[in-house]
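A.B. asks: Listed below, chain by chain, are the residues.
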Amino acid sequence: MDQHLRELYQEVILDHSRHPRHFGVLPDATHKAEGFNPLCGDKVSVTLILDADGKVADINFQGKGCAISQASASMMTDMLKGRSKTDAEALMDGFLHLVKGEDAQGLSPDDRETLDVMSGISEFPMRVKCATLAWHTFKNAVEEGAT
Amino acid sequence: MDQHLRELYQEVILDHSRHPRHFGVLPDATHKAEGFNPLCGDKVSVTLILDADGKVADINFQGKGCAISQASASMMTDMLKGRSKTDAEALMDGFLHLVKGEDAQGLSPDDRETLDVMSGISEFPMRVKCATLAWHTFKNAVEEGAT
Amino acid sequence: MNAVAKIKAGFDAEAARADFPILSRQVYGKPLVYLDSGASAQKPRAVMEAMRRFAETDYANVHRGVHYLSGAATDHYETARETVRRFLGAGSVDEIVFTKGGTEAINLVAQSYLAPIIQPGDEIVLSVMEHHSNIVPWHFLRERQGAVLRWVEVTDDGALDMASLKAAIGPRTKMVAITHMSNVLGAVTPLKEIVALAHAQGVPVLADGCQGAVHETLDMAALGVDFYAITGHKIYGPTGIGALYARRAHLKKMRPYNGGGEMIREVTRDSVTYADPPARFEAGTPPILESVGLAAAMDYLSGFDRAAIHAHEQDLLKYARAQLAQFNWLRVVGDAPGKGAIISFEADGMHAHDLATILDREGVAVRAGNHCAQPLMERFGVTSTTRASFALYNTRADVDALIAALEKARGILG
Amino acid sequence: MNAVAKIKAGFDAEAARADFPILSRQVYGKPLVYLDSGASAQKPRAVMEAMRRFAETDYANVHRGVHYLSGAATDHYETARETVRRFLGAGSVDEIVFTKGGTEAINLVAQSYLAPIIQPGDEIVLSVMEHHSNIVPWHFLRERQGAVLRWVEVTDDGALDMASLKAAIGPRTKMVAITHMSNVLGAVTPLKEIVALAHAQGVPVLADGCQGAVHETLDMAALGVDFYAITGHKIYGPTGIGALYARRAHLKKMRPYNGGGEMIREVTRDSVTYADPPARFEAGTPPILESVGLAAAMDYLSGFDRAAIHAHEQDLLKYARAQLAQFNWLRVVGDAPGKGAIISFEADGMHAHDLATILDREGVAVRAGNHCAQPLMERFGVTSTTRASFALYNTRADVDALIAALEKARGILG
Ligand SMILES: Cc1ncc(COP(=O)(O)O)c(C=O)c1O
Ligand SMILES: Cc1ncc(COP(=O)(O)O)c(C=O)c1O
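One line per chain: the protein sequences are F, L, E and D, in this order. Counting in the working numbering, the first sequence tops out at residue 245, every number present. Counting in the working numbering, the second sequence tops out at residue 245, every number present. Counting in the working numbering, the third sequence tops out at residue 397, every number present. Counting in the working numbering, the fourth sequence tops out at residue 397, every number present.
Isolated chain F, as found in the complex (with noise of 0.2 Å):
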């Protein structure tokens, strides 16, 4: 079998796809937003809150996708619950670098090792768009995404 496929589709990620952790709509979330995948038409939507800290004090995601979007959103939302937003925000960085071949220096070598799963991804620059939809759309609650 193909090694970029097996890499790709690890059994990490298929288990998160199939059993996708935080996933719902928080009802007082503080922050929430709307991504969509042009390509696909793949849909996910963030809804978090943001305590007086500037912390991620929940997240949770809602949305239909491949396994790729919908694992990616899955170990985002396990990542960054409890992070500070600054904290985050470094962390999709690296992330961003990860996916798509790039050095991600950025990253603790905790996440570093965490992410570790998603970095098949970058063989397959078609899908790299897959993965980083929930990234940016908890990007987007956070700058935009008042409630």
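Bear in mind the hints are in silico, worked out from the structure with no lab data behind them. Ideal Cβ positions, reconstructed from N, Cα and C, are used throughout, including at glycine. It is possible that part of the hints are untrue.
BS3-like mimics (lysine-lysine), calculated; alpha carbons at most 30 Å apart, straight line [what the hints assert, rightly or not]:
#1 Lys130/L / Lys153/L
#2 Lys130/F / Lys149/D
#3 Lys227/F / Lys198/F
#4 Lys391/E / Lys227/F
#5 Lys198/L / Lys235/E
#6 Lys13/E / Lys227/F
#7 Lys391/E / Lys237/L
#8 Lys237/F / Lys235/D
#9 Lys391/E / Lys162/F
#10 Lys237/L / Lys198/L
#11 Lys227/L / Lys235/E
#12 Lys141/F / Lys391/E
#13 Lys236/E / Lys149/E
#14 Lys13/E / Lys130/L
Listed next, the stretches of chain F that the computed footprint assigns to chain D, with coverage defined by at least 3 CB atoms under 8 Å from CB atoms of chain D [to be verified]:
#15 177 to 185
#16 223 to 229
Guided by the hints, dock chains L, E and D with the ligands onto chain F, whose structure is given.
C.D. replies: Positioned in the frame of chain F, the structure of chains L, E and D with the ligands alone reads:
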């Protein structure tokens, strides 16, 4: 000099185009029409008097255009004046064949001789419309242009 | 097996493949298996070659020029119009308008025929299986002029629901806009019947022939449609060109579409008068090179026995259908009798994009997504499907490759 | 003389001619002297070759596809957009909309920007030297929505009358639509000044760059225009493609143009939402092959020192102008300082079509007629002119052939 060009721009043609016969508008016309050549933007108007016997009692043309269209219109008025409608139509039919380089059987020997100066146009397919504009306009006037 | 099919079909797909240079390329080290002709067909050598040769020998702008090349180019362009007329089985070249594609052909009808006469509350009948290109132009009339869209349903097996169509046409219907062949289901609609129903109520019919023209042999008079839209690139021709067939009586009354050169009679500071059809609808420099390419594509296609091509494609369809039926984890969407050579399906637990990505790595190019047909996706309760569409150059070996790749995908994702 | 001109110009037209296969053909047994590039330019081998190569290796429909060829084709298409951006000196690829040509680009602005906001009595300022493609779209708004056209005059030497422009812009002006370069007079308009005047009143400026883009080096930010329309086939590229530059702020507010695939976000039975620019304005399958051809043409052009090409064309213009001055039976229409390489003229007692026919038999291809600029013809009291337009591949020998042919015509008709 190019043989075809010499035939196209014979003295008779140039003379007709410089000194057009029956140029103007008949105020008491029974029929009239406007012709338009979208290819060059040239326009021609034809006014005529069909008498009770269906004879072209008088005919004028007016317009601006190239030597070919002017000469053709001028010759046409010369030839049509005094003819019956049926005769005129046969003449037109013969003329249309002639300028396309086709066999113009319907023409009388006299008409054939008069129109011979126009036969050179058949070598210039892009200019055939210039030569036929006035004739088509005449036809329109007779068929749909009763004043 | 292939050999038998070939002889039966009277069309040699293997031989035809040699006319399409791209088909011998590889992707990811695997031979290309191109099953996305429904999105856009590959071009035979003859098409690109005709365009190049024309550009290198006879090219100039068309119409209005007196010089030799201008005449030569105009001949090419008008000969192409005659080729399209013949291909569509239309009565006169004056009924053929060149457009930039199928989408523009439909927009032209919406804007130049219908927009000037439609009133708030007037209805446009269209089907749930339409491509967005035959939906959004009518949504414009809803948004901007208060038109009402009446939807014709699709049956469970993916055919046009004729009872629903009958019910949809009413006293306020101003247009019936229906595809000739669905780009997702493959369903071929009974245009003659549709026209009979619509004309009985005095309603004109536009057929979206972007897929139909590729797979069916056409005769406008027999179909009886008022408008028929085609696009060049799906019919083995170049992009950048399409055509609208429209009855002369409609064209004469329609207002201009784009304004510009060639479509006018006279322009002054205060006024403008328009040229007769079809020039009235061809503002600006038309797709000249592309007209030559499109004519070459139609000539290429007409060089075969088109019934034999049809039989060949039907053979592929049936062969693929039978193979897919072995997979109980996969559901074909659209199984209407008489359908054309397009198969869409969904697979349990596998998103179309993931499937298509895996197929792609096996060299198999299929389409995944909503296929510009969101209302149809909604009708079948899916957000996307995977689609294999067949062209004259496909073979049973391509189907075999698809099936093998699907099995591999199942192994990875299933 | 030619050799000196070449060295001075730093551009070798003789060498460039070899890139254009058609230029070595004959007509009526005479070498082709192509002086009709203003109507449409010939294509360098690289353009047709790029389209063919693309079709034979990487072709598929763009966007939405997951498979390899779809990605490759999308890369080509979006790379072409970047090439156009660079060529126009625009800020972002999101400000570049591909169209079917220059005419459509202008119609798009008229219909999607202006039609939704214009009120009866609102004014559109345009000049008497406009091409019909920059007149008729605005006449539509007059006919259909009661807009008023305000005309900017042309001076006797064929320049834009800036005093008249100043006077024309008023409180009800909603658009200034002016050509960058006249296709009849060759006049180049002072766009920066025009923009300054218009923007001072809060009025946007559309420049018709169909000729300007061929002969001038462009920088959208420096020009300051709101909209700039170009067409592929005049710039040595294929037919069937053009582009509109539009400021992002305008594009964001503009309503869709054609409806169809690719330009939507979501379509349901009752509603439709639209994609962001530029996709919003590119309904349907775009001119994919042509985008590759256009990019190849721009790359070809950018491979030279464009200032040197400009100097070369100016040399031809001056050389021709001086030769024509010898004929007292001929009058040049348009002698504005700084004009581009286009010369129109009328000749005593010789209609432009007769002249062009005779020139044609000498192998010299010129344009004769009203050049889609009837208001300008009226301004100069003529019904038609003969026009010679120069491109990078023309030489002084071409001018000499023109002059000799004119003398011959004079002998026949004069
Ligand atoms: C059924 C149908 N209609 C219309 C279109 C639009 O054609 P184009 O994109 O070439 O304008 C397509 C293709 O995308 C189609 O499949
Ligand atoms: C100044 C000008 N504007 C607009 C156009 C229209 O361009 P196109 O016919 O390519 O759409 C032309 C060319 O015909 C032109 O010369």
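A.B. asks: Next step is simple, just say for each hint if it's right about the structure.
C.D. replies: Structure-based check of all given hints:
no.: 1; hint: Lys130/L / Lys153/L; in the structure: holds (15 Å)
no.: 2; hint: Lys130/F / Lys149/D; in the structure: violated (50 Å)
no.: 3; hint: Lys227/F / Lys198/F; in the structure: holds (10 Å)
no.: 4; hint: Lys391/E / Lys227/F; in the structure: holds (24 Å)
no.: 5; hint: Lys198/L / Lys235/E; in the structure: holds (29 Å)
no.: 6; hint: Lys13/E / Lys227/F; in the structure: holds (25 Å)
no.: 7; hint: Lys391/E / Lys237/L; in the structure: violated (74 Å)
no.: 8; hint: Lys237/F / Lys235/D; in the structure: holds (21 Å)
no.: 9; hint: Lys391/E / Lys162/F; in the structure: holds (24 Å)
no.: 10; hint: Lys237/L / Lys198/L; in the structure: holds (18 Å)
no.: 11; hint: Lys227/L / Lys235/E; in the structure: holds (22 Å)
no.: 12; hint: Lys141/F / Lys391/E; in the structure: holds (27 Å)
no.: 13; hint: Lys236/E / Lys149/E; in the structure: holds (28 Å)
no.: 14; hint: Lys13/E / Lys130/L; in the structure: violated (73 Å)
no.: 15; hint: 177 to 185; in the structure: violated (count 0)
no.: 16; hint: 223 to 229; in the structure: holds (count 3)
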